[in-house]
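**Student:** The primary structure of each chain is shown beneath.
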Amino acid sequence: EAQVTQNPRYLITVTGKKLTVTCSQNMNHEYMSWYRQDPGLGLRQIYYSMNVEVTDKGDVPEGYKVSRKEKRNFPLILESPSPNQTSLYFCASSPLGREEYEQYFGPGTRLTVT
Amino acid sequence: KNQVEQSPQSLIILEGKNCTLQCNYTVSPFSNLRWYKQDTGRGPVSLTIMTFSENTKSNGRYTATLDADTKQSSLHITASQLSDSASYICVVSSQAGTALIFGKGTTLSVSS
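Going line by line, the protein sequences match chains A and B.
FYI, the numbering for the first sequence is 1 to 114, going by the working numbering.
FYI, the numbering for the second sequence is 1 to 112, going by the working numbering.
Just so you know, these hints were derived from the structure itself, not from any lab.
Remember, it's a predicted structure, so these values are computed and weren't measured experimentally.
A few of these clues could be false.
Said to hold, decoys possible - A few chain A residues facing chain B, derived, Cβ under 8 Å:
no.	residue
1	Y10
2	G42
3	L43
4	R44
5	Q45
6	Y64
7	E102
8	G106
9	P107
10	G108
11	T112
By construction, the Cβ of each residue, glycine as well, lies at the ideal position given by its N, Cα and C atoms.
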């Protein structure tokens, strides 16, 4: 089944404790992206990657890191999480090359930083 | 500044009725416009994608229109069902699907 998976789905952590949220897709998509969703603000792009070893900042990259060492994986790293990073996070992927290709979203990761 | 504005913010309709959601954007350059449906706590699911040259696209009971001249789009839902209750998000791409600008969404509640 074609899908985007995220782990963990739920995470409660404390300020300053490094964490990684994994994202994996099995559709051989070139493009992957991370978003956060907060009430009243909608979805905002954190980072995106157009292929292996190619990453770029989105609208809200501060406090986050990403890497793209393999085509299928795009982990999101919070080196020193803070309470303002409490949010619902989504990973997404899509092919590149045609404008009408849609993005497939993962199920989301709900992060709480205390 | 690239922006996507949606209206109304929320909407309540009776089952079986039609409704139309609006999206205005100021994104430039324009590549394509997408409508997503998002159930509470779940990832968005694509409904339609329209490029500059398309002015209407349907997906079952969902019909999206695009006026690239006025930078407006609408999503029309016909014969609404309880399962249509969700948030509907308008997304505009400025560079062939890479830099996406999201609207804040319209929350639709369909009641029986």
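**Student:** Would you settle whether the hint for A/Q45 is holds or violated, based on the nearest Cβ-Cβ distance to chain B being less than 8 Å?
**Tutor:** 6 Å, holds
**Student:** Please verify that hint: A/T112, Cβ, nearest Cβ of chain B, below 8 Å or not.
**Tutor:** 14 Å, violated
**Student:** Is the interface hint satisfied for A/E102? The criterion is a beta-carbon contact with chain B at less than 8 Å.
**Tutor:** 4 Å, holds
**Student:** So, as I understand it, the hint says A/G106 touches chain B; can you test that by seeing if any CB pair is closer than 8 Å?
**Tutor:** It holds, given that the least Cβ distance between A/G106 and chain B is near 6 Å, below 8 Å.
**Student:** Hint check: is the beta carbon of A/R44 less than 8 Å from a beta carbon of chain B?
**Tutor:** 7 Å, holds
**Student:** For the hint on A/Y64, does the least C-beta distance to chain B fall short of 8 Å?
**Tutor:** 17 Å, violated
**Student:** Checking hints one by one. Is A/Y10 an interface residue toward chain B, by the C-beta closer than 8 Å rule?
**Tutor:** 11 Å, violated
**Student:** Just to be careful: measuring from the Cβ of A/P107 to every Cβ in chain B, is the smallest value less than 8 Å?
**Tutor:** 6 Å, holds
**Student:** Using the nearest Cβ pair, does A/L43 come within less than 8 Å of chain B?
**Tutor:** 4 Å, holds
**Student:** Taking the least C-beta to C-beta distance, is A/G42 closer than 8 Å to chain B?
**Tutor:** 4 Å, holds
**Student:** Does the CB of A/G108 sit less than 8 Å away from some CB of chain B?
**Tutor:** With Cβ-Cβ at 6 Å, under 8 Å, it holds.
In summary, the structure is inconsistent with hints 1, 6, 11 from the numbered list given earlier, while agreeing with the others.
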